[in-house]
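*Asks:* In case you want the letters, here they are:
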Amino acid sequence: MNLDTGRAASVAAQRVLAGGGELGARMRALDWASTPLGPVEEWPQALKTAVRILLTSRQPMFVWWGDELINLYNDAYKAIVGGKHPEALGQPASVVWREIWDQVGPRAQAALGGTEGTYDESLLLIMERYGYQEETYYTFSYSPVPDDEGGVGGIFCANTDDTQRIIGQRQLSLLRELAAATADARTVHDACRRSAQGLESNAHDLPFALLYLIEPDPDSPEQERAVLAGATRIAAGHPAAPATCPLDDQGAACWPIAEVLRTGAPVHLTDLAKRFAELPCGAWDRPPHQVVALPITASGRPEPAGVLIAGLNPYRKYDDLYQGFLDLVVGQIAAAMGAAQAYEDERRRAEALAELDRAKTVFFSNVSHEFRTPLTLLLGPIEDGLADAEYPLPPVQRERQEVARRNARRLLRLVNTLLDFSRIEAGRVQASYQPTDLPAFTAELASTFRSAIERADLSLVVECPPLPDGQVAYVDREMWEKIVLNLLSNAFKFTFAGEIGVAVRTNGSSAELIVWDTGTGIRAEELPRLFDRFHRVEGARGRTHEGSGIGLALVRELVQLHGGTMGVESEVDRGTRFTVTIPLGAGHLPAEHVATARPDAAVAPGVPGILTGAAPFVEEALQWLPDAGEASMSDAGADLIALGDGWDEAAGVGAGLGVLGSASTTLPDGASPDGTSPDGTSPDGASPDAASTRRVRILLADDNSDMRTYVARLLQQRYEVEAVADGLAALEAARARRPDLILSDVMMPRMDGFELIAALRADPASREIPILLLSARAGEEARIEGLQGGADDYLIKPFSARELLVRVDTQVQLARLRSEAIRRERAARTQLEWLFEQAPAAIALLEGPEHRYTLANSRYIEVIGGRQPVGRTVREMLPELEGQGIHELLDRAYETGVPYIGTEVPVDLAYGEDRALRTVYFNLVFAPMRTPTGAIEGLFIHAYEVTDQVRARQAAEEAARVRDEFLSIASHELRNPVAGLKGTAQLARRSQQTGRLDAERLDRYLTSIERGTSRLATLTEDLLDVTRLQRGELPLRRRPTDLARLVRETVERQPHSPEHTLALSLPEALPPVLLDPDRVEQIVTNVLDNAAKYSPAGGEIRVSLTADAGALLLCVADQGIGLPADAAERIFEPFGRAPNAQAAHIPGLGLGLYICRQIARQHGGQLWAESPGEGQGTTLCLQLPLTTRAEGETVHA
Amino acid sequence: MPESQTVGAYRVLIVEDDAQIAAVLGETLRDEGYEVRRASNGQEGLAILGQWTPDTIILDLMMPVMDGKTFRAEQRRLPEPLAGLPVIVLSGARDAHAQAETLAAHAVIAKPFDLDTVLATVRETCQRA
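Protein chains in written order, with numbering that gives the first Met the number 0: chain A, 0 to 1196; chain B, 0 to 128.
Looking at chain A on its own, in the form it has when it is part of the complex:
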């Protein structure tokens, strides 16, 4: 190779390998001549094209060329080659990829062997790029690249690295599984076991896992040890999974749990193989060789509760991403353990309370018993003294002794009741059920109260007809006595006028005892708790405030011991009716407690046994009468309020009614209008939430100042209250300082409650504030209206203080839970978004059948042209998709639940200010997302843009098509003159053989041969020029030249067609400029030839040459067939010819003008065509700069 061609060769190599970043530079530097591919200038055109595509693409690509499949790749592919770069350049593919050649080799052979490429989606390849074996996923296709001979010269491949996506999906799915598996855990151990199950779902990243909990060592409680609480893919008892692990050196030989606990940080072990043999492999073909031990620390606890031992994927590096994933796993497990711990604590508290209750019962029982003895000993001497006829007491002493006896008896009764109750509670009651004439017995008991009742100006009604024949009631008489007397005592206590009644009757197979009165009644909301122990109806007006609150509870227990039930109906100010129902007969009673004594024996009137039991009740009742002592009614009705629109009128009624309006009069100076009892405990038994660090703020809006003051005082016990007079003031206050709850009246001036709600809900800052409406508008319609208007709850006046406080408390708790839930969801979502952001693809989440975006990662936003989609639907967001079938694919995936997976799906998307459509290609997945119950709630979009890849392939296909066309035209155009030549020669020979070859024939044949030869020569020149141009090998040889002279001489040399007139307009001479006269002459010849070819006979061809300040302009105008508007550029393309129908019969390869334009450009000039339209002639213009001297060109003087 001489110096000159050597330089040309290197120039060629520079052009083919131009640009391309680092790999471009390395390719240029490489001595290709020493590789099987040979010097660059000898490379087949197809290889050069492929290398050009590769060096100009940012998509990872490579070419394997030749028999040895020599590897060439681009910068983007470096990441895939990894540590093998740069040695991999120019190496045979089978060497570069020896570790995966068993997978890749056959694919390469398939692509080489045929016309079809291979396509693999997310194929798992275990690569060794950085000195360790690594799990990778690639989507790639091997396309055969034809060489210039029509065979297959090599393989072209564009790659998509799916590794991060696949791993990300896998990990995400594990976190989901983990959350689902642990949701219902009830104990910490349960949470660990379920977590271990949840970890089963990802055998790739967690080939095995162990969960150890730190617990006190039962052998030496001051020591702690680790206990295996969950194992994933490894059997408990495996040497690597001991059931317990001490936190000492011996334990550390197994796992570094102690170290993790000491440092609170993960410990990474790389010597796994040395520690254990035969570890589980998970999804892989070999066991992990690394393990990480991570602390599991529940939030709010200083010490780790446990340690997760995670076997690591043997084909992945333990990097930040992997560690981040494990942190999320541990976080999830910690959260599950925390939730289970909280549940467990709650259960223990409940158990402790139950235990406390039992202890209390035992205590009561013991205490009562101890009280009875001294009381009995006290009563005995008093009774004796009063009954002593021998030494009678003087009247003054007798009176004193009677007071002492009365109160001692009362005390005894209380103690007895308590004891009865304790016995029942403890199940130690000794009942004796006897057949009893229930009506007579009951009437007898009732009559003991008659005198007391009548002394109170009440009447006693007794309706106890005998039971029908054959029906017998079995009761424990002592118990029945207590049932009847307690109910009568209760009725007497709360009745001031009217009557008290007792009735016994049968109702089917049951006997009913009814005790009714016309007393003060009980409010409906009290009724459900009436029979609770120690429950007293607060504020009910009665004859006394005394009472243990245990009487009715005892009655119910006694009734239940008879297999009976108890009911109560009551109406305030109208009276109360208790109904006891017990089954007749003894079939429902335990047989060992049923006595068989004759009924009549026990019920004879005046039997002292009965009256002994009744006396204390009656005596006590008599004490309640006004003349016996003062009635305590000071705080009657304090809890009840009746407010609202009737407030002002009601206030005037006064306290006498005890219910309506009483609060209004006592409010200004009332001791406890807030519903709490004087000792400060609140009515519902809950103490103010001491744990809350900040006082809850309540905003109260009511236009009635009394109401405002009252409710504010109620709430101030527990909450911080701000009170305003109308809706507008409330809105301003809420905006100034956000309250935790708003309590609002409905009817208010300036702005009513509904308007206030609407205004608050319209503002995102106040949208979440719970609102409780207070209104006098009763009825369900108003309630519904209230909730639809956006209120969270609704309270109808009148309401009780307790009801108000309960509702307020509920709303406050709900709001707290809501904000906690929102916070948690945000955190989970942030986690998800982070993972999505890491993904190399465009990802979006859609919700509902209208496909509303709930999430889009930044790549997605980039893909759709920077538009923010969250909150809008796909149809709103991407209207340009209408008619492209994408909406339909989304709809189908949502409706059928079948994911759509599409490769190289073309999508026209609008970009930029003018919303211009651009076709972009995607590998798409629309996967349905399901709720835990399996219903489809939305779609997951995963889109990977492959436009570059598709375009590169299309360009390669187009290049191949152009080349095919070129070959086909060239072969036709070359074979015609050859056929003519050969035919002429044979014809000459035949003529000679047949004696026909005269002088005329000979001359004709020779002329024909000459013409054919020159046609062939021109064609060959053109083809050669094109090839050289494409390789950049057509150097100019410039000389100072007078263009006017050159044109004139060329025109003269041109064989003049007699059919056309030639009009020349040339200057005499021009200053010489630097140009290659041979090449420029080629242009002029071609242009003139062209004009002649396309001009009709008799047409004029005008040639003009002008020079202005910067350039020379040569124009050749014909009157020929002209050009359609869009063809002016096409005729300069290789094989481009005028598309007019008339042009079709004009011969030519379509290379001339292409070559001419390239030459013009090499001179720094231009060549173009102008035509007003078809049939209106064409002007070809050549413009050359006056000073044409490009850098680095050779000048031949």
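None of these hints come from the bench; they were simulated from the model.
It is possible that some hints are incorrect.
Unchecked claim - Result set (EDC-like, lysine to aspartate or glutamate): computed pairs, CA atoms no more than 20 Å apart in a straight line: (1) A:1092 <-> A:1032; (2) A:981 <-> B:26; (3) B:68 <-> A:964; (4) A:981 <-> B:115; (5) A:492 <-> A:525; (6) A:492 <-> A:468; (7) A:1092 <-> A:1128; (8) A:316 <-> A:344; (9) A:316 <-> A:146; (10) A:492 <-> A:354; (11) A:981 <-> B:79; (12) A:316 <-> A:127; (13) A:492 <-> A:456; (14) A:981 <-> B:30; (15) A:47 <-> A:146.
Please arrange chain B on chain A, whose structure you already have, making use of the hints.
*Replies:* What follows is chain B alone, placed relative to chain A:
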């Protein structure tokens, strides 16, 4: 020559845009006693068929105005006997044989050709017709 007399009655239509080839073929066939007419594209060929019925048609494929393929399709739509006239395809295209097959040609001769082959093929085609 005895053959020239026996085949003298046969007529050949040459449809070929390349003047040199057409001239060589025409002169050779005339020397052999054939009656020859030439058309420089398919359209001219069809025009000749309207007034003159040959025994064989020699048809080039790549031609301006109307190419060989279109000519062949049009010719086969003509009334008999024109539609049934045998066609010898003469082509410089790389896939000449495949194209000739789709055209249901009676014979194919690739360019560049031997005049002996052309004569033998024409003779055979004319005699069979």
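*Asks:* Taken at face value, is the distance from the CA of residue 26 (chain B) to the CA of residue 981 (chain A) at most 20 Å?
*Replies:* holds, 14 Å
*Asks:* Given the hint that residue 492 (chain A) pairs with residue 525 (chain A), test it: the Cα-Cα distance must not exceed 20 Å.
*Replies:* Holds. Residue 492 (chain A) to residue 525 (chain A) sits at ~17 Å (cutoff 20 Å).
*Asks:* Between the alpha carbons of residue 68 (chain B) and residue 964 (chain A), is the straight-line distance 20 Å or under?
*Replies:* With a Cα-Cα distance of about 18 Å, the restraint between residue 68 (chain B) and residue 964 (chain A) holds, given a limit of 20 Å.
*Asks:* Does the structure keep residue 492 (chain A) and residue 456 (chain A) at a Cα separation of 20 Å or less?
*Replies:* Given that 20 Å is the threshold and the Cα spacing comes to 13 Å, the pair holds.
*Asks:* Does the alpha-carbon distance linking residue 316 (chain A) and residue 146 (chain A) stay inside the 20 Å limit?
*Replies:* violated, 41 Å
*Asks:* Please verify whether residue 316 (chain A) and residue 127 (chain A) have alpha carbons no more than 20 Å apart.
*Replies:* holds, 12 Å
*Asks:* Holds or violated: residue 492 (chain A) with residue 354 (chain A), Cα cutoff 20 Å?
*Replies:* Judged against 20 Å, a Cα distance of about 35 Å means the pair is violated.
*Asks:* Mind checking the alpha carbons of residue 981 (chain A) and residue 79 (chain B) for me, to see if they're no more than 20 Å apart?
*Replies:* violated, 36 Å
*Asks:* Mind checking the alpha carbons of residue 1092 (chain A) and residue 1032 (chain A) for me, to see if they're no more than 20 Å apart?
*Replies:* Violated, at roughly 30 Å.
*Asks:* Quick one, are residue 47 (chain A) and residue 146 (chain A) close enough, alpha carbons at most 20 Å?
*Replies:* Judged against 20 Å, a Cα distance of about 10 Å means the pair holds.
*Asks:* Between the alpha carbons of residue 316 (chain A) and residue 344 (chain A), is the straight-line distance 20 Å or under?
*Replies:* Violated, because 41 Å separates the two Cα atoms, which is more than 20 Å.
*Asks:* Does residue 1128 (chain A) lie within 20 Å of residue 1092 (chain A) when you go C-alpha to C-alpha?
*Replies:* holds, 19 Å
When each numbered hint is compared with the structure, violations occur for hints 1, 6, 8, 9, 10, 11.
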